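Number of protein chains: 2
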Amino acid sequence: MAKLIAIYKQPADAAGFDTYYFDKHVPLAKTLPGLRSYEVSQGDVMGMGVKHGAYLVALLEFDSLAAIGEALASPQGQATAADLANFASAGVELMMADTRRV
Amino acid sequence: MAKLIAIYKQPADAAGFDTYYFDKHVPLAKTLPGLRSYEVSQGDVMGMGVKHGAYLVALLEFDSLAAIGEALASPQGQATAADLANFASAGVELMMADTRRV
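Note that the protein sequences, when read in sequence, are chains U and F.
To convert, take the position in the first sequence, counting from 1, and add 20; that gives our numbering.
To convert, take the position in the second sequence, counting from 1, and add 20; that gives our numbering.
Warning: the hint list may mix true and false statements.
The list cannot tell twin chains apart, which means a pair is met if one copy fits it or any two copies do.
To be verified - Straight-line alpha carbon distances no greater than 20 Å define the calculated DMTMM-like cross-link-like pairs of lysine to aspartate or glutamate that follow:
| # | residue 1 | residue 2 |
| --- | --- | --- |
| 1 | K50 | D33 |
| 2 | K50 | D103 |
| 3 | K29 | E90 |
| 4 | K44 | D83 |
| 5 | K29 | D118 |
| 6 | K44 | D64 |
| 7 | K44 | E90 |
| 8 | K29 | D43 |
| 9 | K29 | D64 |
| 10 | K29 | D83 |
Quick caveat, the hints were computed from the structure, so don't treat them as lab data.
Please read these numbers as outputs of a predicted model, since none were measured by experiment.
Bound conformation, chain U alone (with noise of 0.2 Å):
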């Protein structure tokens, strides 16, 4: 198994994120070629060492990490990363990651 997780950053002004993300990010996102699964965790954040908090957690879920790469190399996979840049202005750290259960 295999994910690209986005790590948003604490936003300026959280309910544009929210608004931006929901309305017009997921959607894009949607239409990458091989996704299985997308989820999202929004919550409160226990900082132990670092000065700024994550603010939500992406999981899209692919078969490999080959199938990721296609996706983002894809039309959809440059659309939706060029569209970062409307609504993810605190930054955003993506991983192409393994997964397993433990």
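Knowing the structure of chain U, use the given hints to seat chain F on it.
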């Protein structure tokens, strides 16, 4: 659905981190009462607007935010939290999150 999300920052000694994490911390965290599933993601980070990348993302699923609170307040939760000091010196963010599929 609720998840306890731990975002570990890049450690100075990644191999040492991995050994401790999988041999010691995971077995301890798996004693948390109410834990439904435990998923670990590791991969390459592409950062935008952040200085320090995530290294490992752990997702621990519980039935509710209340169940996470009870787990953390339990003796097992206290032992698991105390264990972070043994290996997460690069920093970790813990998020108690409402999680949903989109």
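So, going through the hints one by one against the coordinates:
1. Proximity of K50 to D33 under the C-alpha cut-off of 20 Å is found in neither arrangement, the shortest distances being 24 Å within a copy and 37 Å between copies.
2. For the identical chains of this complex, K50 and D103 are intra-copy neighbours only, at 13 Å inside a copy versus 38 Å across copies, given an alpha-carbon limit of 20 Å.
3. With identical chains, the CA atoms of K29 and E90 are never at most 20 Å apart, being 26 Å at best within one copy and 27 Å at best between copies.
4. In this assembly of identical chains, the alpha carbons of K44 and D83 never lie at most 20 Å apart, being 25 Å within a copy and 29 Å across copies at closest.
5. In this assembly of identical chains, K29 and D118 lie within 20 Å of each other by CA distance solely across copies; the values are 17 Å between and 22 Å within a copy.
6. Proximity of K44 and D64 under a CA criterion of 20 Å is satisfied in neither setting, with 24 Å inside one chain copy and 26 Å between copies.
7. Taking the closest pair of Cα atoms, K44 and E90 never come within 20 Å of each other, the shortest separation being 22 Å inside a single copy and 36 Å across copies.
8. Within a single copy, K29 and D43 get their C-alpha atoms as close as 19 Å, which meets the 20 Å cut-off; across copies the closest is 30 Å, which misses it.
9. Within a single copy, K29 and D64 get their C-alpha atoms as close as 12 Å, and across copies as close as 18 Å, so both meet the 20 Å cut-off.
10. In this assembly of identical chains, K29 and D83 lie within 20 Å of each other by CA distance neither inside one copy nor across copies; the values are 27 Å within and 26 Å between.
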